Amino acid sequence: MSIVNTTAAQAGPALPGAAPTGQAGRAVLSIAGLVKRFGSNTVLDGIDLQVQRGETVCLLGPSGSGKSTLLRCINWLEVPDAGRVLLEGEAIGVSTGGVVMGDGELSRMRTRIGMVFQHFALWPHLTVLQNVMEAPVHVQRRSRGEVREEARALLERVGLSAKHDAFPAHLSGGQKQRVGIARALAMKPSLMLFDEPTSALDPELVGEVLSVMRDLARDGLTMVVVTHEMSFARDVADRVVFMDAGAIVETAPPEAFFGAPRTERARQFLLRYSNGAAAGGETR
Amino acid sequence: MLSGLGNTVVLSVLGMAASLFLGALLTPVLVSRRRVPAFVALRFVDLMRCTPFLLLAYIVYYGLPSIGLRFDNWSAGLFALVLYNSAYMAEILRGAWMAQPREPIEAGLAFGYSGLRLFRRIVLPPLLLTAGPVIGNQTIQIIKDSAFLTIIALPELTHAASSIQSRHFIPFAAFIVAVFLYWALCLLVEAAVAFGKRLAEARR
Numbered sequence: 001m002s003i004v005n006t007t008a009a010q011a012g013p014a015l016p017g018a019a020p021t022g023q024a025g026r027a028v029l030s031i032a033g034l035v036k037r038f039g040s041n042t043v044l045d046g047i048d049l050q051v052q053r054g055e056t057v058c059l060l061g062p063s064g065s066g067k068s069t070l071l072r073c074i075n076w077l078e079v080p081d082a083g084r085v086l087l088e089g090e091a092i093g094v095s096t097g098g099v100v101m102g103d104g105e106l107s108r109m110r111t112r113i114g115m116v117f118q119h120f121a122l123w124p125h126l127t128v129l130q131n132v133m134e135a136p137v138h139v140q141r142r143s144r145g146e147v148r149e150e151a152r153a154l155l156e157r158v159g160l161s162a163k164h165d166a167f168p169a170h171l172s173g174g175q176k177q178r179v180g181i182a183r184a185l186a187m188k189p190s191l192m193l194f195d196e197p198t199s200a201l202d203p204e205l206v207g208e209v210l211s212v213m214r215d216l217a218r219d220g221l222t223m224v225v226v227t228h229e230m231s232f233a234r235d236v237a238d239r240v241v242f243m244d245a246g247a248i249v250e251t252a253p254p255e256a257f258f259g260a261p262r263t264e265r266a267r268q269f270l271l272r273y274s275n276g277a278a279a280g281g282e283t284r
Numbered sequence: 001m002l003s004g005l006g007n008t009v010v011l012s013v014l015g016m017a018a019s020l021f022l023g024a025l026l027t028p029v030l031v032s033r034r035r036v037p038a039f040v041a042l043r044f045v046d047l048m049r050c051t052p053f054l055l056l057a058y059i060v061y062y063g064l065p066s067i068g069l070r071f072d073n074w075s076a077g078l079f080a081l082v083l084y085n086s087a088y089m090a091e092i093l094r095g096a097w098m099a100q101p102r103e104p105i106e107a108g109l110a111f112g113y114s115g116l117r118l119f120r121r122i123v124l125p126p127l128l129l130t131a132g133p134v135i136g137n138q139t140i141q142i143i144k145d146s147a148f149l150t151i152i153a154l155p156e157l158t159h160a161a162s163s164i165q166s167r168h169f170i171p172f173a174a175f176i177v178a179v180f181l182y183w184a185l186c187l188l189v190e191a192a193v194a195f196g197k198r199l200a201e202a203r204r
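Those protein sequence lines, which keep their order, are chains G and D. First residue of the first sequence? That's 1 in my numbering, and the numbers climb one at a time after it. First residue of the second sequence? That's 1 in my numbering, and the numbers climb one at a time after it.
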C-alpha cells in the first residue's frame with residue numbers, strides 16, 4: 001500500500017475540487033489523489049475534493065461510479081490505496097510520517113465524523129434512546145446525564161420524542177433513519193456523511209428524512225451526501241459533485257449543474273433521470 | 001444426595017460461565033482474518049468437538065500428571081468441562097455472528113469503537129440474544145457432561161447417587177431420584193432461556 005507523504009498539513013496546490021474560497025485551513029475535509037482498487041478494478045481513480053465548513057456537498061452519479069466508496073474512504077471504513085484524507089487539517093488513517101494509524105487513534109478521529117447508513121445500521125439490542133446515547137457515553141466518555149438531555153433534544157428535533165423506549169425493529173424505515181441521524185449528531189461531529197440515506201425507504205417515507213436533512217443543512221452542518229434525490233440536491237446542496245467511473249467529472253453549484261451541465265456525461269445522466277429511468281434503478 | 005446436587009450446580013454454573021466467557025473471547029479469533037490464529041482456534045474447536053468428553057476427563061486427570069501437571073479432582077473436572085465447552089460456545093457464537101448483518105458493526109467502527117470495546121458493546125449483545133436458546137442447550141449439555149466427572153471421584157450428583165446405592169443397595173430409587181434432580185436443573189435452564197427469548201423477541 002502506498003500512502004503518499006502526509007506530513008504537509010496544508011493541501012498543497014489548488015485542487016480541482018476546491019471551493020472558490022480555496023483556503024486550505026478552513027476546509028473541514030480535504031481529499032487529495034485518492035485511489036481505491038478492489039482487486040484489479042480501480043473504483044476511485046485520483047479523487048480531489050475539498051469541503052468547507054458549513055457546506056453541503058451532494059455526490060451524484062450513476063450506480064457503481066464510486067460515490068459510496070469515496071464516502072467510506074473518508075472515515076477509512078475502506079482503506080484507500082493511495083492519496084490522503086485530511087479532517088480539519090489532520091490526516092486520517094495515517095499518522096505523521098506515513099505510518100498507518102493504530103486502531104485507537106483511527107477510532108478517535110472517526111468520532112469527529114458522523115455517518116448515516118443506507119440500511120440504517122442501528123444497534124438492534126438497544127432502544128432508540130440508548131442507540132443515540134451509546135457512543136457519546138461509551139466512546140467519548142461524556143457524562144450520562146448530560147448526554148441523555150442532549151439525546152432527548154436531538155430525538156425531539158428529528159420528531160421522535162414518543163419513541164425513546166422503542167427498539168429499532170419496531171420502527172418504520174423513515175423513523176429508523178431519523179434515529180440514525182440523531183445518533184450521528186449526538187457525537188457532535190465536525191462532518192456528517194450520508195450514504196444514500198433514503199435509498200432503502202419506501203417512497204412515502206423519503207420526505208420525512210429529507211426534511212430533517214434540509215434543516216441540518218440550513219443550520220450550517222457540514223455535510224457530504226451521496227444521493228439519488230435530484231430535487232434534494234438542487235434545493236439544498238451548496239455544490240454538486242458529479243462522479244462517473246471512479247472520477248469527479250464535474251463540480252458546480254446546483255443551479256449551474258442542473259441548468260446547464262458542462263459535460264456530456266452529466267447531460268446523459270440528468271437526461272436518464274428526467275426520463276424516469278432512475279425510478280426503479282437504485283440499489284435495493 | 002443434596003451435597004451432590006449442590007456440587008453439580010456449582011460445577012455447571014462455573015463451567016457454563018467460564019465456557020461462555022472463554023468461548024466469547026475465542027469467537028473473534030475464529031472469524032479473524034489473521035490466518036494463523038484463526039487456523040489454530042479452528043483446529044482446537046474441531047478437536048474438542050470430536051473428542052468424547054469422558055476421554056478428555058481421563059486425559060486431564062490421569063494423563064496430565066505423567067507430564068508433570070497434577071490437578072486435584074475439582075480443578076481437573078472444572079478444567080476439562082470448561083476446555084471442552086468453551087469450544088462449543090465459541091462455535092455457537094461464531095455461527096450467530098455469521099448470520100448477523102454487517103452494517104451495525106460497521107456503524108460501531110464509524111462511531112469510534114474498536115477492539116474489545118467494539119466486541120463487547122456492539123458485536124456480542126446481539127449474538128447472545130440470537131444464540132440464547134442454543135447456549136441454553138449447551139448449558140444442559142454441560143450439566144449432563146458433569147456426570148462423567150464421577151469417574152475422577154468428583155462428588156457430584158451422579159457420584160452421590162452411585163455411592164448411596166452401593167451403601168444401601170437401592171439402585172433404582174437412588175438413580176431415579178438423581179434423574180429427577182437433573183431434570184429439575186434443566187427446567188431452570190429452560191426458564192432462563194424463555195426469559196432470554198422474551199428479551200430477544202422484544203428486539204425483533
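Quick caveat, the hints were computed from the structure, so don't treat them as lab data. Just so we're clear, the structure is a prediction, and the values are computed from it rather than from any experiment. Cβ coordinates follow ideal geometry from the N, Cα and C atoms, glycine included. Do not take every clue at face value.
Unchecked claim - For the chain D half of the interface with chain G, some residues (derived, Cβ under 8 Å), not all of them:
#1 Arg-49
#2 Glu-103
#3 Ala-110
#4 Leu-116
#5 Phe-119
Claimed, not checked - Heads up, incomplete: computed chain D residues facing chain G, CB under 7 Å, no partners named:
#6 Arg-43
#7 Met-98
#8 Pro-104
#9 Ala-107
#10 Phe-111
#11 Ser-114
Claimed, not checked - Covered, in the sense of this in silico footprint (three residues per stretch, anywhere, with C-beta under 8 Å from a C-beta of chain D), are these stretches of chain G:
#12 111-121
#13 253-260
Going through the hints against the structure:
1. For D/Arg-49, the suggested interface contact is broken, since its CB lies about 28 Å from the closest CB of chain G, more than 8 Å.
2. Proximity of D/Glu-103 to chain G holds as hinted, the smallest CB-CB distance being about 4 Å (cut-off 8 Å).
3. Against a cut-off of 8 Å between C-beta atoms, the interface hint on D/Ala-110 holds, since the closest Cβ of chain G lies about 4 Å away.
4. For D/Leu-116, the shortest C-beta to C-beta distance to chain G is roughly 10 Å, which exceeds 8 Å, and the interface hint is violated.
5. Restraint check, D/Phe-119 versus chain G: the minimum CB separation of about 12 Å is more than 8 Å; hint violated.
6. Of the supplied interface hints, the one on D/Arg-43 is violated, with its beta-carbon coming no nearer than about 27 Å to a beta-carbon of chain G, more than 7 Å.
7. A distance limit of 7 Å between C-beta atoms decides the matter here; for D/Met-98 the minimum to chain G is near 16 Å, and the interface restraint is violated.
8. Against a cut-off of 7 Å between C-beta atoms, the interface hint on D/Pro-104 holds, since the closest Cβ of chain G lies about 5 Å away.
9. For D/Ala-107, the interface hint holds, the least distance from its beta-carbon to any beta-carbon of chain G being 4 Å, beneath 7 Å.
10. Annotation: interface hint on D/Phe-111 holds; nearest CB of chain G at approximately 4 Å, less than 7 Å.
11. A hinted interface residue such as D/Ser-114 counts as satisfied when its beta carbon comes closer than 7 Å to some beta carbon of chain G; here the least separation is about 4 Å, so the hint holds.
12. Judged by the Cβ-Cβ criterion of 8 Å, the region 111-121 of chain G is covered by chain D as claimed, because 7 of its residues qualify and three suffice.
13. Counting residues of the region 253-260 of chain G whose CB falls under 8 Å from any CB of chain D gives 0; the rule of at least 3 is not met.
In terms of the numbered hints stated before, the structure departs from hints 1, 4, 5, 6, 7, 13, listed from lowest to highest.
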